[in-house]
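2 protein chains.
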Amino acid sequence: MFKDALKDLVEGVDGGLACLIMDSSGIALESYAKEGAPFDIDTIGVEFSVVIGAIKRAAEMLEAGTAREMAVGTEKMVTLIRLVGDSYFLALTMRPDGNFGKGRFMMRTAVPKFAAEL
Amino acid sequence: MFKDALKDLVEGVDGGLACLIMDSSGIALESYAKEGAPFDIDTIGVEFSVVIGAIKRAAEMLEAGTAREMAVGTEKMVTLIRLVGDSYFLALTMRPDGNFGKGRFMMRTAVPKFAAEL
Chain A
17 MFKDALKDLV
27 EGVDGGLACL
37 IMDSSGIALE
47 SYAKEGAPFD
57 IDTIGVEFSV
67 VIGAIKRAAE
77 MLEAGTAREM
87 AVGTEKMVTL
97 IRLVGDSYFL
107 ALTMRPDGNF
117 GKGRFMMRTA
127 VPKFAAEL
Chain B
17 MFKDALKDLV
27 EGVDGGLACL
37 IMDSSGIALE
47 SYAKEGAPFD
57 IDTIGVEFSV
67 VIGAIKRAAE
77 MLEAGTAREM
87 AVGTEKMVTL
97 IRLVGDSYFL
107 ALTMRPDGNF
117 GKGRFMMRTA
127 VPKFAAEL
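If you read the protein sequences in the order shown, they are chains A and B. When you number the first sequence by this note's numbering, it's gap-free, plus one each residue, and the end is 134. When you number the second sequence by this note's numbering, it's gap-free, plus one each residue, and the end is 134.
Just chain A, same shape as in the assembly (with noise of 0.2 Å):
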């Protein structure tokens, strides 16, 4: 089901190249890239649990309640994150030319579907 609807984000936004839904600890459950993408989304899922770590920190420090969402803008990519629950997070890669509003609002849409599966 997870490789469906990771397939589905990528196809279903504009620039979409690649997703994961990982948990917090860096194990990924599944991920789905397109072809010739040119990040491996397990290594991105890896490298931004770390900063997830950082983001949840603060948060707490700054008591703005639960942190919810991220994203990260370089070069060369976009990635976006949603965090399911307490111990999984979403992430989507589109490329910087992407529709990054179609890909928010599909993120949110499809976390309490991976919330009900885990």
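By construction, these hints were calculated from the structure, which means they are not laboratory data. Ideal placement from N, C-alpha and C gives every residue a C-beta, glycine not left out. Check the hints yourself; a few may be wrong.
What the hints assert, rightly or not - So, partial list: chain B residues that the calculated Cβ filter (under 8 Å) puts toward chain A:
hint: 1; residue: Thr59
hint: 2; residue: Val66
hint: 3; residue: Ala80
hint: 4; residue: Gly81
hint: 5; residue: Ala83
hint: 6; residue: Ala87
As the list claims (entries may be wrong) - No more than 25 Å apart at the CA atoms, straight line, and that leaves these computed lysine-lysine pairs for DSS-like:
hint: 7; chain 1: B; residue 1: Lys19; chain 2: B; residue 2: Lys129
hint: 8; chain 1: A; residue 1: Lys118; chain 2: B; residue 2: Lys19
hint: 9; chain 1: B; residue 1: Lys129; chain 2: B; residue 2: Lys92
hint: 10; chain 1: A; residue 1: Lys92; chain 2: B; residue 2: Lys19
hint: 11; chain 1: A; residue 1: Lys72; chain 2: B; residue 2: Lys72
hint: 12; chain 1: B; residue 1: Lys129; chain 2: B; residue 2: Lys50
hint: 13; chain 1: B; residue 1: Lys129; chain 2: B; residue 2: Lys118
hint: 14; chain 1: A; residue 1: Lys129; chain 2: A; residue 2: Lys72
hint: 15; chain 1: A; residue 1: Lys50; chain 2: A; residue 2: Lys129
hint: 16; chain 1: B; residue 1: Lys72; chain 2: A; residue 2: Lys92
hint: 17; chain 1: A; residue 1: Lys118; chain 2: B; residue 2: Lys50
hint: 18; chain 1: B; residue 1: Lys23; chain 2: B; residue 2: Lys118
hint: 19; chain 1: A; residue 1: Lys19; chain 2: A; residue 2: Lys50
hint: 20; chain 1: A; residue 1: Lys129; chain 2: B; residue 2: Lys92
hint: 21; chain 1: B; residue 1: Lys129; chain 2: A; residue 2: Lys92
hint: 22; chain 1: A; residue 1: Lys72; chain 2: B; residue 2: Lys19
hint: 23; chain 1: A; residue 1: Lys118; chain 2: A; residue 2: Lys19
Dock chain B against chain A, hints included.
Quick look at chain B alone, frame taken from chain A:
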């Protein structure tokens, strides 16, 4: 000059709360907060400078090019961050229901003006 530019950013975006320009070691050059803003923008800057360090390392590991911008959403706020050259960043904190797209646009257009003064 910085104070006025920061004020324009906060007041120019629906839901804008506070804004700062900080160097990457966590020292604020200048900040501006709306009266009654529920977060201390200098604390936000210090906390997020750790996150930015983690993101820069991740972008390097992934060979994804230079990190440019990030956004973090929690239950109570959204913070947009844009790097200004190698050593500074601009952060804007908004209410979660603020105009995210406008904030992102205004950050993008403001960065060259800050960069020219640094």
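We went through each hint and held it up to the structure:
no. : hint                : in the structure
1   : Thr59               : holds (6 Å)
2   : Val66               : holds (5 Å)
3   : Ala80               : holds (4 Å)
4   : Gly81               : holds (3 Å)
5   : Ala83               : holds (5 Å)
6   : Ala87               : holds (5 Å)
7   : Lys19/B - Lys129/B  : holds (13 Å)
8   : Lys118/A - Lys19/B  : violated (34 Å)
9   : Lys129/B - Lys92/B  : violated (29 Å)
10  : Lys92/A - Lys19/B   : violated (32 Å)
11  : Lys72/A - Lys72/B   : holds (17 Å)
12  : Lys129/B - Lys50/B  : holds (22 Å)
13  : Lys129/B - Lys118/B : holds (17 Å)
14  : Lys129/A - Lys72/A  : holds (23 Å)
15  : Lys50/A - Lys129/A  : holds (22 Å)
16  : Lys72/B - Lys92/A   : holds (13 Å)
17  : Lys118/A - Lys50/B  : violated (31 Å)
18  : Lys23/B - Lys118/B  : holds (15 Å)
19  : Lys19/A - Lys50/A   : holds (12 Å)
20  : Lys129/A - Lys92/B  : holds (24 Å)
21  : Lys129/B - Lys92/A  : holds (24 Å)
22  : Lys72/A - Lys19/B   : violated (30 Å)
23  : Lys118/A - Lys19/A  : holds (20 Å)
When each numbered hint is compared with the structure, violations occur for hints 8, 9, 10, 17 and 22.
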